[in-house]
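For this one, chain A is given, so just place chain B on it according to the hints.
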Amino acid sequence: MLAIVDYDAGNLRSVQRACAEVGVTSTVTSIPNRIRDAERVIFPGVGAAGPAMRSIQHSGMDSALVDVFDSGRPLLGICMGLQICLDYSEEDDTPTLGIVSGKVLKFNLNDPRLKIPHMGWNNVRVVRDHPVMRSIEECSEFYFVHAYYPRPMQADHVVAVSAYEREFCSAVGFKNFVGTQFHPEKSGRAGLELLERFVEWDGHLA
Amino acid sequence: MIACLDVRDGKLAKSVKFVNTKDIGDPVAKAREYYDDGLDELVFYDITASSQKRKIMLGVVEEVAEQVFIPLSVGGGIRSVNDATDLRLAGAEKINVNSAAVRRPALISECANAIGSQNVVLSMDILKSTKDRTTPSGYRIIIDGGRTDEGLDALEWALMGEQLGAGELVVNSIDADGTLDGYELGLTRMLSDAVRIPVVASGGAGNPHHLFEVLTEGRADAALVASLVHYGTYKVSQLKHFLASNSVKVRMSW
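Residue numbers (my numbering), protein chains in the order written: chain A, 101 to 306; chain B, 12 to 265.
Excised from the complex, chain A in its bound form:
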């Protein structure tokens, strides 16, 4: 069973509906043991890092997510779900799960015409081969809504990049964890194809 982590961040049903569209039933749950028992897990999210982290700590979901990662099962973080899997977020000065080493930083832009949050469709360029990202074509665009971006400590954990004034990491891959800063569930066919890849993925990088 595919489990979707519910931590009161809203919009979980779009992820569930997108999974249904690619033919996979899923369960949205806030019960840590359900997450531990799942075959694969999607950790979605919107909202701010501080409240999101407090919410998953409160429900005991934090250790369940680490357990899923340690067990080698496929884990997909989306947007805030990805950000919380790094070590630390500048947003609300929040220590996070540390599944992947790295930080989450706020956009610091020079061009006053560029708005924060970065919102809308943008190109995603795959820079490192990854089983979940193989569906992404040269000029695929995905839908973004975020004011902070991930910066993994190790360059080889950066799987894809996008540009908003400067280049930033828009997808992260480390062992059986993969994370996207964009929202595949709102990115049309390109997003659905990525989800399809994820639900078929065995968690190995080969």
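Keep in mind that the hints were calculated from the coordinates and are not lab data. Be aware that one or more of the hints could be misleading.
Claimed, not checked - Dumping the calculated SDA-like pairs for lysine to any residue here, alpha-carbon to alpha-carbon at most 25 angstroms: (1) B:K260 x A:K203; (2) A:K215 x B:K139; (3) B:K139 x B:R207; (4) A:K203 x A:P151; (5) B:K260 x A:Q254.
Stated by the list, open to error - From the derived model, a few chain A residues whose C-beta atoms are all more than 10 angstroms from chain B: (6) S114; (7) R173; (8) T194; (9) P195; (10) D211; (11) D229; (12) Y243; (13) D256; (14) A263; (15) G288.
What the hints assert, rightly or not - Listing some non-contacts, in silico: residues in chain A with all C-beta distances to chain B over 10 angstroms: (16) S159; (17) N210; (18) R234; (19) Q254; (20) A255; (21) E265; (22) E285; (23) D302.
Beta carbons: idealized from backbone N, C-alpha and C, even for Gly.
The following block gives chain B in isolation, referenced to the frame of chain A:
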């Protein structure tokens, strides 16, 4: 490229200058058709929700959200944070406030605090009027789907809405609505120049060149289409190809 589905009693409707509204089909089928043809975002208004004091048809929103995997922006009759969160749970990304925000501007900040500024859209229905003391910009806000004039200046309201935390403006020109004569460029440009948040132009598109005009001369960040695609005059993909061939940045792979 954004398509606007005005829905009345669960059916797709289209008006001219906000009156003579006709039913023209099934909103869910249209939404799916446009999505498959490369639409970037869908706006969905329950055009009678506000005046009839009833909540939007959550069921129709859910049905659309089950089939359309692009951002969904929904409005009509939103009077509280609860209304906004109900719609978010039904599958809406962005929430549009309009009449209720004019009556109680704090609604904008309440929604921004609850779901984030970027998801709060201030939708404004605007009528051209004479420039005077109450309407210095020469444009005024009309609420309740074109029924009530509260004597509010459009430019002042746009600036106040931005201040209160709206993350986007939708500029609906009542004068241009359904005329197919082109967007109201002066109005769109005035508001785009005044605020820092994205401005979506709405009302009046009759051919692909009108879209080009409002995205360049009108300085809109996005253009909303309705009649142009609802009656099959143009396909979404055709409009996007036209814009791309005229060097307007649009998403071309879908």
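| Which of the listed hints are not met by the structure? | 1, 2, 5, 6, 12, 15 and 22
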